[in-house]
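Student: Protein sequences appear in the order of chains L and Z.
Numbered according to the working numbering, the first sequence terminates at residue 1020, and the numbering increases by one at each position without gaps.
Numbered according to the working numbering, the second sequence terminates at residue 1020, and the numbering increases by one at each position without gaps.
Keep in mind the hints are simulated off the structure, nothing from the lab.
Errors might be hidden in some of the hints.
Pairs involving identical chains hold if they fit within one copy or between any two copies, as the list cannot separate such chains.
[What the hints assert, rightly or not] Capping the alpha-carbon separation at 25 Å, the derived lysine to aspartate or glutamate pairs in DMTMM-like fashion look like this:
| hint | residue 1 | residue 2 |
| --- | --- | --- |
| 1 | 641 | 881 |
| 2 | 822 | 976 |
| 3 | 1013 | 986 |
| 4 | 665 | 975 |
| 5 | 1013 | 931 |
| 6 | 665 | 992 |
| 7 | 641 | 975 |
| 8 | 642 | 976 |
| 9 | 1013 | 975 |
| 10 | 822 | 867 |
| 11 | 646 | 986 |
| 12 | 646 | 976 |
| 13 | 1013 | 976 |
| 14 | 641 | 931 |
There are 2 protein chains.
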Amino acid sequence: VAVNLAAPETLLSVPGVRLAVAEAAIKKPGRKDLLLVELAEGTQVAGVFTKNAFAAAPVQLCRARLRRTAAIRALLVNAGNANAATGADGLARARATTAAVAGALGIDAEAVLPFSTGVIGQQLPVERMNAAIGRAAGRLEADAWLAGAHAIMTTDTVPKGCSRRVRTARGEVTVTGIAKGVGMICPDMATMLAFVATDARLSAAALKRCLREAVATSFNSVTVDGDTSTNDSCVLIATGQAGGPALAPGSRDYKAVAAVIAEVCLELAQAIVRDGEGATRFVTLEVSGARSVAEARRVAYAVAHSPLVKTALFAGDANWGRLAMAIGKAGVPGLDARRVSVSLDDVRVLARGAPHPAYREEQGAAVLARPEYTIGIELGRGRARARVWTCDLSHDYVKINAEYRT
Amino acid sequence: VAVNLAAPETLLSVPGVRLAVAEAAIKKPGRKDLLLVELAEGTQVAGVFTKNAFAAAPVQLCRARLRRTAAIRALLVNAGNANAATGADGLARARATTAAVAGALGIDAEAVLPFSTGVIGQQLPVERMNAAIGRAAGRLEADAWLAGAHAIMTTDTVPKGCSRRVRTARGEVTVTGIAKGVGMICPDMATMLAFVATDARLSAAALKRCLREAVATSFNSVTVDGDTSTNDSCVLIATGQAGGPALAPGSRDYKAVAAVIAEVCLELAQAIVRDGEGATRFVTLEVSGARSVAEARRVAYAVAHSPLVKTALFAGDANWGRLAMAIGKAGVPGLDARRVSVSLDDVRVLARGAPHPAYREEQGAAVLARPEYTIGIELGRGRARARVWTCDLSHDYVKINAEYRT
């Protein structure tokens, strides 16, 4: 029931990246819930992670290893268990699984980044995972991205992946990404789990910059329920297998590759919202006329997180008074309601703080019956703007989350 | 289906206060949806109001009149229409209804405070309201508090009211309050509508202080859905009919009366949560070990507003990992997860950032099956604490708010 979202039919392989999935019975048996990714020597990796103070054990390890190690050679991802709020034991278990990867691939454990997603507060089944790692290590192949997208799903209904090719002076470059996440989605650095790889060659600094810029307007601009996960991780991988020297930031080729990476991140981030738990609507919030981007984002998130707005969107009820309420509660200092205007797609509903004289209820209802639409909010106090994507709050959201563990 | 909340059987009259209700067919016909309150000469009135930038027209009028006028003589309250986001026309209509009250009671329009609650963005039906005001003015009586509590309800399932008597050096003093509100509840000054009256004599300054202190730990410490209404108003009335000089702040009598006023405010505020839209659980959040009260409140509200926490509470699922997530996302600078502990009533679940060794799932489930319980959160970084009351997020919350206008 994802909103205008189909599973990707194929994903392009990225030279220098090999993947394999395996069944580790982490939450329950019967599905491939573990993904192993091997990266060729010379690959650059950059990552951004949750700002949640209960950052999961794998997030803590990722941060430390990315600080210490230039040469990341493998990623290990599991679904079904978040390994968060698990204390020192959780850290030890995460380390043990990366040691198993290191042993299987003949690399250093410090070169392995672990990622977990699932229930918080339970310990990883290390033995079953290590056995699965051994099996996966023998089956690595370039063409397993789609299987990987499946393996990392939790309550996702659709696997999320996206590929692009872009022409550069040194030939074609590929960008492929996969992501998962449909609830506990309000990334404060990146979303639950997203992995984007390219065979372009990028320096460590350029890769970090590229990731930071792509994430700001993609994963960091979507929300399902306002809850920031303990496990948010987004990783950008550049294998450099396309050859040539590293792309210089500012150069035409860098811009072309960075633009495609940003596109892939945006498509994955939007896929997460389209598949948001119980979502029946995909809504773009466009806030303009703000004094700063931060202010515009603050208003957009106040609207996107309001349960009263979200239930009205679910009902297809053009109860725009709730939009006014949410804008007004955003805490923008000195916001003058008499300068605020609101539109639903091209229908103006609120003009400078009062109902638009020409607005008729049927017009608003017609827009809100669409599976996708834009809510435009003009604050009338500056020139900054921001876009945020979100979904509605339906019966199924409550159902899914009331029954998550049962 | 309110949680442990019955309708009050009687409410004590307050000398100096007379009330009447009438049918104005504001949203639809068939119920008494208008309340008129007359206050004796010499009454002191203090009010606190929403911080929402889309503050309703009646809130704007209340603020202006309380600034200008020492002698408030009447309150006019309507349900079914919030008169918010209605522009200049909305202000004119609110003024017109208070002029009708002034005419009917032979007082100045500036001495009338208007209050509205209901749908946002629609204009008041002034003619029908003014006719109802005329009828109500002929029927004022001291003993109509319960009828008043009924009249101001919107989606409330139970009328909310509370009375107390307290002995002072000059004899008994009465405090009676009524309130309404079950959704769009995250008061940033006071809740939807609450009116508390006493016949004690208090100076204007003492009354303001008394209100401010009572509201901080009652109406400003509850949340249903995190949405701050455009119409929040809390009014404290002291008619002085108990006689004697004004109670001096700091005196024994002042403290006794202030304590009872705070009790009435807390009982009304908790009644709002117990009757929260779709609520099946009444939950006290006790955060301790914070560096400041603001920090403790920030954590409490992060938990209280998390849809994932709220749906787990609805399910009675002791998925305490979601509590860790919400504490972690609260944005407390430098919060160390390894010092955070969490309990459910007397059951310790998280001890210094990791699962408590003795915790068993059945213990947590037993607590969460209760209609009322306390979630204790110890941050381990200071001595400040705060309490916040909230409810769960159920199927009925979505149902009520998806169908509100239909």
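Student: For this structure, which hints from the list above don't hold up?
Tutor: Those not satisfied are hints 1, 2, 4, 11 and 12.
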